[in-house]
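S.K.: Going down the list, the protein sequences come from chains D and F.
Residues 6 to 122, numbered by this note's numbering, are exactly what the first sequence covers, in order.
Residues 16 to 128, numbered by this note's numbering, are exactly what the second sequence covers, in order.
Honestly, the hints are just simulated from the structure, not real lab data.
Yeah, the Cβ is synthetic: ideal placement off N, Cα and C, and Gly gets one too.
Among the hints, erroneous ones may be present.
Once the Cα atoms are required to be at most 30 Å apart in a straight line, the calculated DSSO-like pairs of lysine-lysine come out as [what the hints assert, rightly or not]: (1) F:LYS93 to D:LYS74; (2) F:LYS93 to D:LYS109; (3) F:LYS39 to F:LYS83.
Distance ranges between label pairs, derived from CB positions [to be verified]: (4) F:GLY43 to D:MET64: 17 to 23 Å; (5) D:ASN59 to F:TYR115: 30 to 36 Å; (6) D:ARG21 to F:GLN32: 47 to 53 Å; (7) F:SER88 to D:GLY34: 34 to 40 Å; (8) D:LYS57 to F:SER73: 26 to 32 Å; (9) D:THR13 to F:HIS25: 27 to 33 Å.
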Amino acid sequence: DAKTTQPTSMDCAEGRAANLPCNHSTISGNEYVYWYRQIHSQGPQYIIHGLKNNETNEMASLIITEDRKSSTLILPHATLRDTAVYYCIVRGGLVDAGGTSYGKLTFGQGTILTVHP
Amino acid sequence: DAGVIQSPRHEVTEMGQEVTLRCKPISGHNSLFWYRQTMMRGLELLIYFNNNVPIDDSGMPEDRFSAKMPNASFSTLKIQPSEPRDSAVYFCASSFGPSYEQYFGPGTRLTVT
Numbered sequence: 006d007a008k009t010t011q012p013t014s015m016d017c018a019e020g021r022a023a024n025l026p027c028n029h030s031t032i033s034g035n036e037y038v039y040w041y042r043q044i045h046s047q048g049p050q051y052i053i054h055g056l057k058n059n060e061t062n063e064m065a066s067l068i069i070t071e072d073r074k075s076s077t078l079i080l081p082h083a084t085l086r087d088t089a090v091y092y093c094i095v096r097g098g099l100v101d102a103g104g105t106s107y108g109k110l111t112f113g114q115g116t117i118l119t120v121h122p
Numbered sequence: 016d017a018g019v020i021q022s023p024r025h026e027v028t029e030m031g032q033e034v035t036l037r038c039k040p041i042s043g044h045n046s047l048f049w050y051r052q053t054m055m056r057g058l059e060l061l062i063y064f065n066n067n068v069p070i071d072d073s074g075m076p077e078d079r080f081s082a083k084m085p086n087a088s089f090s091t092l093k094i095q096p097s098e099p100r101d102s103a104v105y106f107c108a109s110s111f112g113p114s115y116e117q118y119f120g121p122g123t124r125l126t127v128t
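Pulled out of the complex, with its shape left as it was, chain D reads as follows (with noise of 0.2 Å):
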């Protein structure tokens, strides 16, 4: 899987739009870009995933560049709850023994967002 780059910590006022950068210059083109989460002494949560088209839903919206060597996480309106460690993870497919395919997850140091007041 390709490997991703991530600020290692950022700040953001709450109320205000977060934009959590992420560099996966070495992605090929059946690998997806997924963000997760992880709030204190909690386990990971999904946000969103997207392959090439920028996605949006409840939680966020994902932008990925057009060629895909970057995307960046947008939390339009950042709360105190939303401080977390933000993962951006690379996934490829694997065909396991059966002839599945198995999409690895492999977590990063990740960025240590802090919403304040």
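Let chain D serve as the given structure and place chain F on it in line with the hints.
M.R.: Here is chain F on its own, set in the frame of chain D:
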């Protein structure tokens, strides 16, 4: 939906004892994953089951670790004998299929003294 359920939430044991961690995946999910998280190594995949069959156990650290999934609604991760370096938070996750998004449980914090 109750989400992924793990028990116990906290476990403190002495070195050499057997430890069993339990996981109930989300109903209808047929893929299950066990992860371990430490400060030093971050979040690592230990083993992955699909339709109750272990598919990838390359992350299991050594023979002291074993995992089973006797049915679609229950899995265990066993450590025997336990060692202090096994101290970590162990997460279970499940997904609808092997390449779908994974949903994580609250974790079990294991301390081996």
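S.K.: Work down the list of hints and note, for each, if the structure agrees.
M.R.: Going through the hints against the structure:
no.: 1; hint: F:LYS93 to D:LYS74; in the structure: violated, 40 Å
no.: 2; hint: F:LYS93 to D:LYS109; in the structure: holds, 22 Å
no.: 3; hint: F:LYS39 to F:LYS83; in the structure: holds, 12 Å
no.: 4; hint: F:GLY43 to D:MET64: 17 to 23 Å; in the structure: holds, 22 Å
no.: 5; hint: D:ASN59 to F:TYR115: 30 to 36 Å; in the structure: violated, 21 Å
no.: 6; hint: D:ARG21 to F:GLN32: 47 to 53 Å; in the structure: holds, 49 Å
no.: 7; hint: F:SER88 to D:GLY34: 34 to 40 Å; in the structure: holds, 37 Å
no.: 8; hint: D:LYS57 to F:SER73: 26 to 32 Å; in the structure: holds, 30 Å
no.: 9; hint: D:THR13 to F:HIS25: 27 to 33 Å; in the structure: holds, 29 Å
Figure legend: structure checked against the earlier numbered hints; hints not met, in rising order: 1, 5.
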